[in-house]
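Visitor: Numbers given in the numbering used here equal positions in the sequence shown, counted from 1, plus 6.
Please keep in mind that the hints were generated in silico from the structure rather than gathered at the bench. Check each hint, because a few of them may be wrong.
[Said to hold, decoys possible] Per label pair, the in silico range of CB-to-CB distance:
1) E76 with H21: 26 to 34 Å
2) W114 with Q27: 43 to 51 Å
3) V89 with N120: 46 to 54 Å
4) A24 with V89: 41 to 49 Å
5) S31 with P90: 27 to 35 Å
6) P90 with V30: 32 to 40 Å
C-beta: ideal position from N, C-alpha, C; glycine also.
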Amino acid sequence: MDERRSKYRDRPRSHCAADMQDAVSVIEGRWKMMILAHLFGETVMRFSDLQRAIPDVSQKMLIQQLRGLERDGVIARKVYPEVPPKVEYRLTKIGQGLGPVFLALLEWADLRRNKRQGTPR
7 MDERRSKYRD RPRSHCAADM QDAVSVIEGR WKMMILAHLF GETVMRFSDL
57 QRAIPDVSQK MLIQQLRGLE RDGVIARKVY PEVPPKVEYR LTKIGQGLGP
107 VFLALLEWAD LRRNKRQGTP R
């Protein structure tokens, strides 16, 4: 961790903040984290699998969120020429790179939840 910190130590804070904002903009959105969490658990998921896994999201919103993640290079979409159409999604290498970020967020969420509940970690 110290090695990563030293890489950014001398950069202007405004550059760091802008880079962080750019990174967060890729995964922000009501459903993107949920979509990514499911894709981290599976190698490939069909559109219908994602719809079942996230029942509260509308089809239109799911499509929009998936398109955004695909546009940003986080996921890849594969369409099979079948009737009815078969569409699969998977994480790209860039998307897989979010793995340590997600683990850090989960640890932070646990820490925060335990602190609110007064439970020492």
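Visitor: Now tell me if each hint is right for this structure.
Guide: Now the hints, each set against the structure:
| no. | hint | verdict |
| --- | --- | --- |
| 1 | E76 with H21: 26 to 34 Å | holds, 28 Å |
| 2 | W114 with Q27: 43 to 51 Å | violated, 18 Å |
| 3 | V89 with N120: 46 to 54 Å | holds, 51 Å |
| 4 | A24 with V89: 41 to 49 Å | holds, 46 Å |
| 5 | S31 with P90: 27 to 35 Å | holds, 34 Å |
| 6 | P90 with V30: 32 to 40 Å | holds, 36 Å |
Hint 2 alone, counting from the list given before, is not met by this structure.
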